[in-house]
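**Q** Please build the complete structure, drawing on both the sequences and the hints.
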Amino acid sequence: MDPKKPRDSAESESARGAAQFPDEVLERVLSLLASHKDRSAVSLVSKAWYHAERWSRRRVFIGNCYSVTPEIVARRFPNIRSVTLKGKPRFSDFNLVPQNWGADIRSWLAVFADRYPFLEELRLKRMTVTDESLKFLALKFQNFRALSLLSCDGFSTNGLAAIATRCRNLTELDIQENGIDDISGDWLSCFPENFTSLEVLNFASLSSDVEFDALERLVSRCNSLKVLKVNRTITLDQLQRLLVRAPRLTELGTGSFLQELNAHQYSELERAFGGCKNLHTLSGLCEAMALYLPVLYPACANLTFLNLNDAALQHEELAKLLLHCPCLQRLWVLDTVGDDGLEAVALNCPWLEELRVFPANPFDEEVNHGVSESGFLAVSYGCRRLHYVLYFCRQMTNAAVATIVQNCPDFTHFRLCIMNPGQPDYVTNEPMDEAFGAVVKTCTKLQRLAVSGLLTDLTFEYIGRYAKNLETLSVAFAGSSDWAMQCVLGGCPKLRKLEIRDCPFGNAALLSGLEKYESMRSLWMSACKVTMNGCEVLARERPRLNVEVMKDEESSDGQQYKVYVYRTVAGPRRDAPPFVLTL
Amino acid sequence: MSPPLLGVEEGGGKTSTVATSPSIDGVSHDCLGLKERNYLGLSDCSSVDSSAVSSLSDESKSNLNLKATELRLGLPGSLSPEREPKLCLLNTGKLDEKPLFPLLPSKDGICLSLPKNIASGNKRGFSDTIDEFSDLKSSKYTEGNWMFHATGPASETAQSGGQGKFPGNAGLKAMLPSRTSGAQSAMPKEALPKPASECPRALNGTGVNQTRASNNAPAAKAQVVGWPPIRSYRKNTLATTSKDNDEVDGKPGPGALFVKVSMDGAPYLRKVDLRNYSAYQELSSSLEKMFSGFTIGQCGSNGTPAREMLNESKLRDFLHGSEYVLTYEDKDGDWMLVGDVPWEMFIDSCKRLKIMKGADAIGLAPRAVEKSKARN
Numbered sequence: 000m001d002p003k004k005p006r007d008s009a010e011s012e013s014a015r016g017a018a019q020f021p022d023e024v025l026e027r028v029l030s031l032l033a034s035h036k037d038r039s040a041v042s043l044v045s046k047a048w049y050h051a052e053r054w055s056r057r058r059v060f061i062g063n064c065y066s067v068t069p070e071i072v073a074r075r076f077p078n079i080r081s082v083t084l085k086g087k088p089r090f091s092d093f094n095l096v097p098q099n100w101g102a103d104i105r106s107w108l109a110v111f112a113d114r115y116p117f118l119e120e121l122r123l124k125r126m127t128v129t130d131e132s133l134k135f136l137a138l139k140f141q142n143f144r145a146l147s148l149l150s151c152d153g154f155s156t157n158g159l160a161a162i163a164t165r166c167r168n169l170t171e172l173d174i175q176e177n178g179i180d181d182i183s184g185d186w187l188s189c190f191p192e193n194f195t196s197l198e199v200l201n202f203a204s205l206s207s208d209v210e211f212d213a214l215e216r217l218v219s220r221c222n223s224l225k226v227l228k229v230n231r232t233i234t235l236d237q238l239q240r241l242l243v244r245a246p247r248l249t250e251l252g253t254g255s256f257l258q259e260l261n262a263h264q265y266s267e268l269e270r271a272f273g274g275c276k277n278l279h280t281l282s283g284l285c286e287a288m289a290l291y292l293p294v295l296y297p298a299c300a301n302l303t304f305l306n307l308n309d310a311a312l313q314h315e316e317l318a319k320l321l322l323h324c325p326c327l328q329r330l331w332v333l334d335t336v337g338d339d340g341l342e343a344v345a346l347n348c349p350w351l352e353e354l355r356v357f358p359a360n361p362f363d364e365e366v367n368h369g370v371s372e373s374g375f376l377a378v379s380y381g382c383r384r385l386h387y388v389l390y391f392c393r394q395m396t397n398a399a400v401a402t403i404v405q406n407c408p409d410f411t412h413f414r415l416c417i418m419n420p421g422q423p424d425y426v427t428n429e430p431m432d433e434a435f436g437a438v439v440k441t442c443t444k445l446q447r448l449a450v451s452g453l454l455t456d457l458t459f460e461y462i463g464r465y466a467k468n469l470e471t472l473s474v475a476f477a478g479s480s481d482w483a484m485q486c487v488l489g490g491c492p493k494l495r496k497l498e499i500r501d502c503p504f505g506n507a508a509l510l511s512g513l514e515k516y517e518s519m520r521s522l523w524m525s526a527c528k529v530t531m532n533g534c535e536v537l538a539r540e541r542p543r544l545n546v547e548v549m550k551d552e553e554s555s556d557g558q559q560y561k562v563y564v565y566r567t568v569a570g571p572r573r574d575a576p577p578f579v580l581t582l
Numbered sequence: 000m001s002p003p004l005l006g007v008e009e010g011g012g013k014t015s016t017v018a019t020s021p022s023i024d025g026v027s028h029d030c031l032g033l034k035e036r037n038y039l040g041l042s043d044c045s046s047v048d049s050s051a052v053s054s055l056s057d058e059s060k061s062n063l064n065l066k067a068t069e070l071r072l073g074l075p076g077s078l079s080p081e082r083e084p085k086l087c088l089l090n091t092g093k094l095d096e097k098p099l100f101p102l103l104p105s106k107d108g109i110c111l112s113l114p115k116n117i118a119s120g121n122k123r124g125f126s127d128t129i130d131e132f133s134d135l136k137s138s139k140y141t142e143g144n145w146m147f148h149a150t151g152p153a154s155e156t157a158q159s160g161g162q163g164k165f166p167g168n169a170g171l172k173a174m175l176p177s178r179t180s181g182a183q184s185a186m187p188k189e190a191l192p193k194p195a196s197e198c199p200r201a202l203n204g205t206g207v208n209q210t211r212a213s214n215n216a217p218a219a220k221a222q223v224v225g226w227p228p229i230r231s232y233r234k235n236t237l238a239t240t241s242k243d244n245d246e247v248d249g250k251p252g253p254g255a256l257f258v259k260v261s262m263d264g265a266p267y268l269r270k271v272d273l274r275n276y277s278a279y280q281e282l283s284s285s286l287e288k289m290f291s292g293f294t295i296g297q298c299g300s301n302g303t304p305a306r307e308m309l310n311e312s313k314l315r316d317f318l319h320g321s322e323y324v325l326t327y328e329d330k331d332g333d334w335m336l337v338g339d340v341p342w343e344m345f346i347d348s349c350k351r352l353k354i355m356k357g358a359d360a361i362g363l364a365p366r367a368v369e370k371s372k373a374r375n
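Here the protein sequences come in this chain order: S and X. Going by numbering that gives the first Met the number 0, the residue at position 515 of the first sequence is 514; the numbering climbs one at a time, nothing skipped. Going by numbering that gives the first Met the number 0, the residue at position 36 of the second sequence is 35; the numbering climbs one at a time, nothing skipped.
Listed next, with one range per pair, are the computed distances between beta-carbon atoms:
id: 1; chain 1: X; residue 1: Lys350; chain 2: S; residue 2: Glu535; range: 54 to 64 Å
id: 2; chain 1: X; residue 1: Val258; chain 2: S; residue 2: Lys467; range: 52 to 62 Å
id: 3; chain 1: S; residue 1: Thr249; chain 2: X; residue 2: Val258; range: 33 to 43 Å
id: 4; chain 1: X; residue 1: Asp329; chain 2: S; residue 2: Glu131; range: 33 to 43 Å
id: 5; chain 1: X; residue 1: Asp331; chain 2: S; residue 2: Asn261; range: 15 to 25 Å
Think of the hints as simulated: they come from the structure by calculation, not from any bench. Keep in mind it's a predicted model, so treat the numbers as computed, not measured. Using N, Cα and C, we set each Cβ at its ideal position, and we do this for glycine too.
**A** Below is the structure:
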């Protein structure tokens with residue numbers, strides 16, 4: 000993203016000589032590059048390539064909305080059609096970031112309306128989006144096609160109504176897990192009767208009733224509909240009516256799976272599922288009753304992603320279902336399936352690459368609920384291709400983790416959450432240092448790591464020393480001293496995002512990263528031992544970082560801070576609320 | 000409790016001006032921020048520690064001190080006079096420990112909305128009202144989990160990691176709940192020094208003990224905000240799911256029964272879980288607290304069994320006397336006056352509630368009376 004340093008004229012001469020293509024050709028070639036990382040690399044080759052790249056770029060990804068201003072983006076990339084923006088720090092998902100922190104899309108839209116009137120796609124994560132912004136979007140961008148809002152807040156279903164009413168060419172409306180004010184489901188009825196372009200519709204996370212007839216008509220006339228994820232208010236018989244009208248679906252999110260069906264309805268539903276030959280992703284299944292799960296079986300033959308987050312299945316039900324999913328690559332379950340359920344996974348899913356096990360009762364202290372190390376262990380024996388895991392459990396041992404990574408050395412994402420903070424190996428009572436040591440030593444491709452349990456500085460020595468490809472690290476309730484953080488900052492060469500909470504890391508640790516932060520996207524530290532003084536020193540030494548400090552209300556002594564540090568070319572942000580102090 | 004705030008209070012929350020000076024903050028947020036939200040269905044919460052829940056529900060089903068659930072339609076600073084002092088009394092002790100209402104945001108940002116509200120008058124900007132916690136709302140979360148502040152007893156705080164989300168309230172603009180969630184958080188966290196009986200105003204036997212925290216806190220270690228790291232949205236979904244599937248706890252009933260409650264002139268709707276009440280009286284008190292400023296006082300008459308309500312003139316008096324009446328839409332789509340039918344029948348047929356101006360509801364009275372007569 001940083002503009003390349005200007006080359007001297009001799010170099011660019013030779014570069015031009017070597018590549019005699021007219022700019023148009025070069026642009027055409029470069030336009031075939033999709034990955035933004037590749038494009039960034041290309042833009043560094045020479046001035047000619049830099050310009051060719053910037054003129055040919057259609058999609059821009061901005062991982063931190065405050066690292067750059069919309070004006071700078073628009074100046075560099077004149078022809079953007081698709082923008083992806085991420086806003087708040089990830090810990091805002093867990094309520095660690097106060098409301099009204101920022102990341103409002105408004106200022107971006109104002110610039111885009113002027114510079115990118117042909118904008119087609121907007122994908123936002125953890126941004127604040129108001130209804131006014133949605134209305135503005137619907138009004139100003141005639142070609143607008145795809146809106147994806149993940150974990151955003153600030154809007155209501157009225158804003159969605161504006162989008163539905165006005166965006167004549169809409170192909171995608173994907174509303175996920177947002178802080179949305181769900182006033183009513185009327186927005187769905189706002190799609191005009193001659194509107195047929197929809198391909199992706201995801202309103203699974205909304206709770207209001209929608210007018211079913213409107214939905215049915217919408218599904219009928221949108222022949223290109225590929226992704227349909229409805230909310231819980233849609234019943235099974237309604238689902239059946241939708242499915243028969245959308246047999247080409249590739250992704251389906253069902254509504255409530257809890258309904259009394261008579262025999263006729265059951266067979267109709269089964270037939271409807273049987274008609275869905277192209278389904279590769281299935282989710283929803285809210286409150287699924289074991290009795291009706293079999294209607295799904297005909298649709299599962301090509302399933303690669305099964306999301307059972309909303310279906311608290313027991314292990315028998317899961318086992319039976321998995322028998323029908325031979326191609327499964329990604330599986331998300333609740334820990335109600337237990338270790339037995341995970342053994343069924345191990346038996347039936349040899350191609351599994353990603354497993355996420357969420358806790359059904361995260362705040363329950365009982366240890367005998369949920370999953371333990373043995374479930375994870377079983378999966379590692381059965382699913383050798385596993386490379387992504389997110390695992391919430393109540394007990395774990397060093398030995399189990401060591402075996403797991405031996406079985407599956409290709410982990411790229413290892414996120415283990417032992418739910419009781421600071422809990423040791425429950426068998427040996429030792430810290431979990433060796434577990435994560437094994438992970439980083441064995442899994443050389445590791446990109447993302449989240450640690451938990453009782454951890455001393457040793458864990459972080461291991462991480463710093465071995466995790467050469469680590470890009471994202473999440474730490475909570477761990478470490479003994481500044482040394483831990485120093486090891487990480489001094490070690491992991493590819494580190495981009497570091498988020499820390501409730502660890503005994505202070506100013507020395509913070510300042511040990513002076514050389515590193517500009518090569519990272521961001522650092523978050525909350526409930527640590529950093530003081531204002533340390534933050535001020537950091538801000539002074541590194542003017543190209545934004546060092547933002549918020550008072551931590553949770554702290555007992557009132558002296559703790561939440562610190563968010565990120566690199567930016569935009570300078571201190573102008574929309575910081577009063578509780579955010581930029582040093 | 001400082002007199003100034005009381006002064007602000009008179010006449011019901013809706014129209015009082017809210018004091019905006021920071022000096023009031025401490026007090027106001029005491030009263031405002033710490034409103035305990037034992038709203039709906041702590042007893043239904045399976046994800047809440049069951050012991051906590053049951054202990055709560057035991058004593059408080061009929062005790063819901065909804066007064067504490069200061070969901071106010073009006074301005075943030077508005078409190079009903081009789082409620083204030085109590086709250087402040089109760090809260091002052093705790094508040095010292097943790098200034099919930101500082102000029103900086105509370106740990107989970109809930110109280111942040113307060114200063115803004117106080118400054119902004121009646122209407123809350125959307126951003127004030129909807130915070131990320133309203134993920135809760137977006138998930139069809141029927142449990143009425145009141146999230147408490149992280150450091151409270153495990154059962155509560157765990158729920159939220161600081162989320163005082165109002166469960167599944169489609170129309171509920173988080174304004175109030177978010178405030179109260181903050182309040183809730185604070186409450187359980189500290190041992191409430193005074194029992195609810197201190198509240199000068201006994202609410203017809205419906206009042207959740209403000210010292211709810213003391214009811215239910217098993218000596219669980221304090222839960223922490225945002226831990227385990229589960230997305231708010233998912234938390235609620237999980238809670239709902241597991242609750243529905245969990246027979247083990249022996250939680251009664253087939254689940255919560257949320258209906259929307261709208262009120263003429265109110266900018267947003269609320270939702271109530273009808274299963275939380277066993278009589279009209281409770282419902283009306285709860286709604287009264289929710290929509291302060293209108294009186295369902297006559298709900299006493301609404302709440303009585305049909306045959307007692309025969310008296311047409313009594314009904315007329317009631318309708319004329321009160322500013323608002325409570326009506327509901329039944330399964331046939333008809334709008335009926337609340338109170339005609341036995342409670343069980345009512346919750347079976349009620350699809351949504353509406354608090355209408357008495358004048359508008361006059362037309363309903365004859366039918367209601369006829370029905371009563373017919374029934375007899």
